[in-house]
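Colleague: Protein chains in written order, with the working numbering: chain G, 2 to 407; chain Z, 17 to 197.
Please note: incorrect hints may appear among the correct ones.
Stated by the list, open to error - Calculated cross-link-like contacts (lysine to aspartate or glutamate; reagent style EDC-like; alpha-carbon spacing at most 20 Å):
1. G:Lys61 with Z:Glu82
2. G:Lys61 with G:Glu51
3. Z:Lys44 with Z:Asp155
4. G:Lys135 with G:Glu51
5. Z:Lys40 with Z:Glu96
6. G:Lys186 with G:Glu147
7. G:Lys49 with G:Asp98
8. Z:Lys40 with Z:Glu92
9. G:Lys61 with Z:Glu96
10. G:Lys61 with Z:Glu57
11. Z:Lys154 with Z:Glu138
12. G:Lys120 with G:Glu51
13. Z:Lys40 with Z:Glu95
14. Z:Lys58 with G:Asp195
15. G:Lys135 with G:Glu245
16. Z:Lys58 with G:Glu72
17. G:Lys303 with G:Glu245
18. G:Lys61 with Z:Asp90
19. G:Lys61 with Z:Asp155
20. Z:Lys44 with Z:Asp186
To be verified - Quick list of simulated restraints, FRET-style, between CB atoms:
21. G:Gly123 with Z:Gly122: 33 to 41 Å
22. Z:Ser60 with G:Glu81: 26 to 34 Å
23. G:His57 with Z:Glu138: 44 to 52 Å
These are computed hints drawn from the structure, not numbers from a lab. We put the CB at the ideal spot given by N, CA and C, even for glycine.
In case you want the letters, here they are:
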Amino acid sequence: MEINILENIDPKVLGGRLQDARKARGLTQQAVADEMEMARTTLVAVEKGERRLSPHELIKLASLYGRSVSEFVSRSIVTEGFVPQFRHTWRDDLTEDVEIENVAAELQRLAEDYVELEKLCGLSSTQNPPPTYKFTGASPEQAAEEIAAAERNRLGIGDGPISNFRERLETDVGLRVFYFAMPSKVSGVFAYNDVLGGCIGINSNHPRDRRNWSLAHEYGHFLTNRYQAEITFLTGKKRQSANERLADAFAENFLMPASGLNRRFTEMHRASPSGSITLAQICTLADLYQVSVQALIIRLEKLRRFPTGTWDTLAAEGFKPRQAQKLLGIDANPPVRDALPRRYVNLAVTAYEDGHLSEGQLAKLLRVDRVSARMIVEELTHRFNKEFESGYASFELNLSQNLAGR
Amino acid sequence: MIPPRILLIDTCVLINLLASGEIKLILKIAAQQSLVCSVVEKESIYLRSDDPQEGLENVNLQPLIEDGVLTVCDIETPEEEQLYVNYASVLDDGEAMSLAIALARGWHLATDERKARRLFLEAANNADLLTTTSTLIKDWSEAKRIAANRLKSILLQIENRARYRPSTWDVNHQWWIDACQ
């Protein structure tokens with residue numbers, strides 16, 4: 002390679018990435034400067050983009066920060082990252098907890114990787130974001146109900162349970178949705194900018210119902226207040242703001258629209274021999290809507306189908322939804338099947354097959370080891386021969402092939 | 017006769033040789049010295065277990081290093097540092113460091129990686145310096161007259177445990193297919 006990448010890369014961009022990596026590692030400028038045997042002012046100048054690095058210095062810094070060198074020099078996306086947005090709104094939380102800052106940084110890396118893949122494959126983003134909904138005059142809860150109904154109408158999905166919720170958000174709304182491990186207290190994160198688009202990260206360690214709720218909640222933020230980065234905490238932290246109330250009410254109304262749920266409840270009532278609704282029916286209904294039993298019962302309380310306090314009474318009596326669902330043969334907590342968007346994986350495999358990505362780059366983009374990456378390529382191309390009793394049969398079924406013009 | 021060369025092995029080839037179960041024997045006749053770079057040494061390498069229920073198993077390179085089958089090398093000069101950082105902009109770190117060291121020192125490089133091979137050839141313009149998993153195994157099997165059944169078993173081990181089969185561009189693609197029959 003003739004070019005010197007460090008002379009071609011914008012020093013401010015590189016400095017910003019190095020600063021983010023240092024902070025994510027929890028290191029002070031002085032500690033790093035000491036380790037690097039340079040003055041702190043020199044490191045300050047590097048992070049501000051006022052001094053260029055030598056290859057030796059970059060290799061040493063990457064090692065200190067526990068990062069790969071490629072992470073600093075391979076990205077072509079130049080945009081203000083999500084981390085400063087999170088810091089702006091969530092300064093206290095990010096300062097006290099490096100893990101939370103790492104969640105924001107991972108969301109940014111995934112989003113940048115996605116945009117890099119689109120560029121590599123010569124594609125534009127699928128982003129075609131709907132306009133932001135305004136909600137002046139109404140309470141957050143009233144506004145949420147109206148927005149949820151309008152959005153369902155815009156997407157043409159009626160008032161029933163939503164199947165393939167994540168895929169709909171990705172293909173019909175243009176959101177980038179990633180599942181990855183986060184501290185247990187964090188349910189999800191949302192951030193948006195004009196280059197990376199709307200990006201949602203969901204805690205992959207949480208149960209399915211919680212993940213779905215978090216997804217709808219973050220979607221609510223995207224529809225109403227997309228330029229403010231959001232972290233959603235599990236324990237009701239920061240839940241008092243109008244934005245948070247609206248996002249939660251949006252999730253409730255979007256996942257369980259009043260009209261459809263009332264209709265189903267009435268039908269259930271009619272079909273019941275005794276005219277009563279059982280816990281088994283509620284557990285099944287919650288599974289149909291892919292929400293928790295608790296969320297469904299509270300929703301039915303609000304719709305006046307159950308007396309207020311029904312859930313509290315059940316909980317006080319020791320009712321355990323998970324046990325009940327298990328008895329009913331309902332698997333309400335399947336693991337996350339696709340941590341990355343399917344389109345993202347397809348683009349990565351296509352770029353690899355076309356020789357634009359190396360195997361190491363592919364594995365890194367897919368967040369797996371190399372053999373697992375090979376298996377993903379194999380699954381999408383079905384290039385391997387199959388052994389039958391009569392011998393080998395060779396076939397190729399490339400699921401990522403372009404069908405246009407065939 | 018052992019070729020008078022120093023061979024640097026990239027991760028993709030290393031995984032395949034480890035999956036073969038015969039890495040010691042194959043490398044013994046592949047070069048006078050076989051090396052991996054420090055980034056490759058630190059990479060977590062997984063193979064599919066023989067038992068499909070077991071998932072992936074982590075491979076420890078230390079015994080091979082202690083036995084002298086593999087030697088670990090690192091970037092040493094400013095020229096190598098420059099090459100490493102440049103290649104890290106288009107490859108992953110292990111691939112970039114392998115390429116940088118092999119190019120700077122004129123060593124042979126074992127890689128099945130299409131992109132890494134292209135970049136290597138652009139810089140070195142000498143295809144003789146490149147080798148692949150299939151060439152290493154083919155040369156070994158011919159030099160040691162490995163029985164067809166044993167060879168088939170080794171290649172199938174690589175296919176199953178490392179999920180690797182040479183691409184159609186590989187000169188030994190058909191040889192591999194035939195040997196697996």
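Colleague: When you check the alpha-carbon spacing of Lys61 (chain G) and Asp155 (chain Z), does it fall within 20 Å?
Modeller: Status violated; Cα separation ~39 Å.
Colleague: With a cut-off of 20 Å on the C-alpha distance, tell me whether Lys154 (chain Z) and Glu138 (chain Z) pass.
Modeller: 26 Å, violated
Colleague: Regarding the pair Lys61 (chain G) and Glu96 (chain Z), is the alpha-carbon distance no greater than 20 Å?
Modeller: Cα-Cα ~14 Å, so holds.
Colleague: Just to be careful, I want the Cα atoms of Lys44 (chain Z) and Asp186 (chain Z) compared with a cutoff of 20 Å; is the pair within it?
Modeller: Between Lys44 (chain Z) and Asp186 (chain Z) the Cα gap is close to 23 Å, so the pair fails against 20 Å, i.e. violated.
Colleague: So if I understand the rule, the pair passes when the alpha-carbon distance is 20 Å or less; does Lys58 (chain Z) with Asp195 (chain G) pass?
Modeller: 38 Å, violated
Colleague: Does the structure keep Lys61 (chain G) and Glu57 (chain Z) at a Cα separation of 20 Å or less?
Modeller: 18 Å, holds
Colleague: Decide if the proposed pair is consistent with the structure: Lys58 (chain Z) and Glu72 (chain G), CA atoms, cutoff 20 Å inclusive.
Modeller: Answer holds: Lys58 (chain Z) to Glu72 (chain G) is near 17 Å, not above 20 Å.
Colleague: Check the hint pairing Lys40 (chain Z) with Glu95 (chain Z) against an upper bound of 20 Å on the C-alpha distance.
Modeller: 32 Å, violated
Colleague: Would you mind confirming whether the straight-line C-alpha gap from Lys40 (chain Z) to Glu96 (chain Z) stays at or under 20 Å?
Modeller: Violated, at roughly 29 Å.
Colleague: Does 44 to 52 Å hold as the CB distance between His57 (chain G) and Glu138 (chain Z), or does it fail?
Modeller: The hint (44 to 52 Å, Cβ to Cβ) is violated, given that His57 (chain G) and Glu138 (chain Z) are roughly 25 Å apart.
Colleague: Does the structure keep Lys120 (chain G) and Glu51 (chain G) at a Cα separation of 20 Å or less?
Modeller: 29 Å, violated
Colleague: Between the alpha carbons of Lys61 (chain G) and Asp90 (chain Z), is the straight-line distance 20 Å or under?
Modeller: Holds. Lys61 (chain G) to Asp90 (chain Z) sits at ~13 Å (cutoff 20 Å).
Taken one by one, the earlier hints fail for this structure at numbers 1, 4, 5, 6, 7, 8, 11, 12, 13, 14, 19, 20 and 23, listed in ascending order.
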